[in-house]
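A.B. asks: Model the full assembly from the supplied sequences, consistent with the hints where possible.
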Amino acid sequence: MALVVNDRVKETSTTTGTGTLTLAGAVTGFETFSSAIGNANTTYYAIVNTTNGEFEVGLGTVGAGTLARTTIISSSNSDSAVDFAAGTKNVFVTLPASKSVILDSSGNIVANNGSNLTNLNATNLASGTVNNARLPNPISDKVINASTPLTVKGDGSSADGQLVLNCSQNSHGVKIKSPAHAANATWEWILPVDDGTSGQVLTTDGNASAQLSWTTPEVGDITAVTAGTNLTGGGSSGDVTLNLADASTSAKGAASFSSDNFAASSGAITIKDLGVATAEIQDDAITLGKMAPGTDGNIISYDTSGNPVAVATGSSGQVLTSAGAGAVPSFQTPTVGDITAVTAGTGMTGGGASGDVTLNVIGGTGITANADDIAIDSTVATLTGSQTLTNKSIVATQLTGTIADARFPATLPALNGSALTALNASNLASGTVANARLDAQLQDVAGLAVTNGNFIVGNGSNFVAESGSTARDSLGLGTASNVEFEDTRVDSFGVGTAASGTTGEIRATNDVTAFYSSDRSLKENIKNIEHPLEKISQINGVTFDWTEDYIKEHGGEDKYFVRKNDVGVIAQEIEKVLPQVVATRENGIKAVKYDRIVALLIESVKELKKEIEELKSGA
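Residue numbering for the sequence shown follows the working numbering, starting at -14 and increasing by one per position.
Hints in this document: simulated from the structure, not taken from any laboratory.
Even glycine gets a Cβ: it sits at the ideal position worked out from N, Cα and C.
Among the hints, erroneous ones may be present.
Stated by the list, open to error - List time: in silico BS3-like cross-link candidates among lysine-lysine, alpha-carbon distance up to 25 Å:
| # | residue 1 | residue 2 |
| --- | --- | --- |
| 1 | K537 | K578 |
| 2 | K520 | K595 |
| 3 | K(-5) | K84 |
| 4 | K595 | K512 |
| 5 | K578 | K520 |
| 6 | K575 | K(-5) |
| 7 | K561 | K591 |
| 8 | K508 | K601 |
| 9 | K160 | K138 |
| 10 | K561 | K575 |
| 11 | K537 | K520 |
| 12 | K575 | K537 |
To be verified - Label pairs and their in silico Cβ distance ranges:
| # | residue 1 | residue 2 | range |
| --- | --- | --- | --- |
| 13 | Y545 | G432 | 41 to 51 Å |
| 14 | T272 | A295 | 13 to 23 Å |
| 15 | N283 | A262 | 19 to 29 Å |
| 16 | D245 | S286 | 49 to 59 Å |
| 17 | N572 | F500 | 22 to 32 Å |
C.D. replies: Shown next as structure tokens:
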């Protein structure tokens, strides 16, 4: 809270009684108490009832649209609080005569009465300096009362309190400076009554109000520290550090263990479960004696999870039999057949009555009997006797190479048209089909000139090539002026001119007419724009040059659609007062709906009109 006096502060009020006034707003050409004085501050005021002449002068406290009458200095009610009657009161800031200080014709300060200056002290001086003539001479013999001790205060921001004791030439001296600000950090040092002896130092007793005393510091006898066995470091001066040396195979010391494999508890190091991996086990290090005991005759195998399992011992004569992947092998009794001999039959060789028996197929010219198959090479097998290909068909896919002319009749039979009934494009490996082989309509298409931009259009009897308006009429499109689009996306659009190529941009060489929906039935929460003049004052109309990047993105400067020099507003300024008319595109660039600013201009004009009418009426 501060006492503030300001110029041109005046409001009206219709409050009655002796209590706090409710203020009705600034009179034209003046400021409100809240804006000029500040809420919670005090100021000198005057209240005048324009109806019956009641008045009051005092010290009041400003609130949000209120004025509390704290101290009454003078009034029409014998200098007591006035019980104001009904009517309009003018409330304004004034400086009471009893609180004024002026200079007389000689330049001396003249107060209302001399008693008002009896309490003048350093705290009453907000700024400036006091002339030496105003100080006692000398001031060195003046004693500062203990009840009001000398205080050296910091500037409240960066500088802390400082007491400087300079030499007679004021060129150097001793500076005593307070520590930086800290909450609840206040200390008091009480100096000793003597100056101590040589070598002593000042020590504190550690209390908030510390009694300082002279103390002889303790000095040790150690002159050096030497690192012993399994230690490193040491020294003979300054701060000395000893470190535990790393452990080795021959000496104690500090060793580190991985927490993944080892655990430490109560000074003991233990190996964790699963703490030893295969990589830490030496090859051939695990002997049979270190393995867990098993059952006599069992065999070690692995299950589907890769874990070792014991295969139970079988009986006499059984063999170890695999059950395939995913199953543990087991001992099984082998099956014994009744065959005693194998004899080679027709077309085969080999056989036998004991041991491993082999049968082979007999080959021939062009035929080779292999272990797993019979191969026929490119040699045509020799046929014996009279052999024909009766009821056998040879097709082209079964023939390779060439067939001698002697294998064909002298004259090939002609094929009738029925033989080509299945001929289609997929049967033509290459070459072209002459126009004569096409039907009439396809001949029409084949005979059309290949012209860029033409359409092939049917006219009811054949196909013709058309372009431009002729093609549009044939396709039912009419003229471009009557083309309608529905749910159509166009990245860039030009009317009467070429599109710019910039996505989302429309260019037109003539007027563009459009209407925005604004019917009251479509709107809710309708409110007038508040403080329009205040808002409009935050917006600047500017001239500017578009950046080269912007001009390049929009097809280059053409003095028509794109100009280097332009006028407009800044989106960031608009966004502060009317964020509803500013949008941020996906690339982070802000854009403004210029038409929406008209609403702010309308309300600003209305507010200006009201102020002009009030000035004309002399209100």
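A.B. asks: Honestly, which of those hints from before does the structure not fit?
C.D. replies: Violated: hints 6, 8, 11 and 16.
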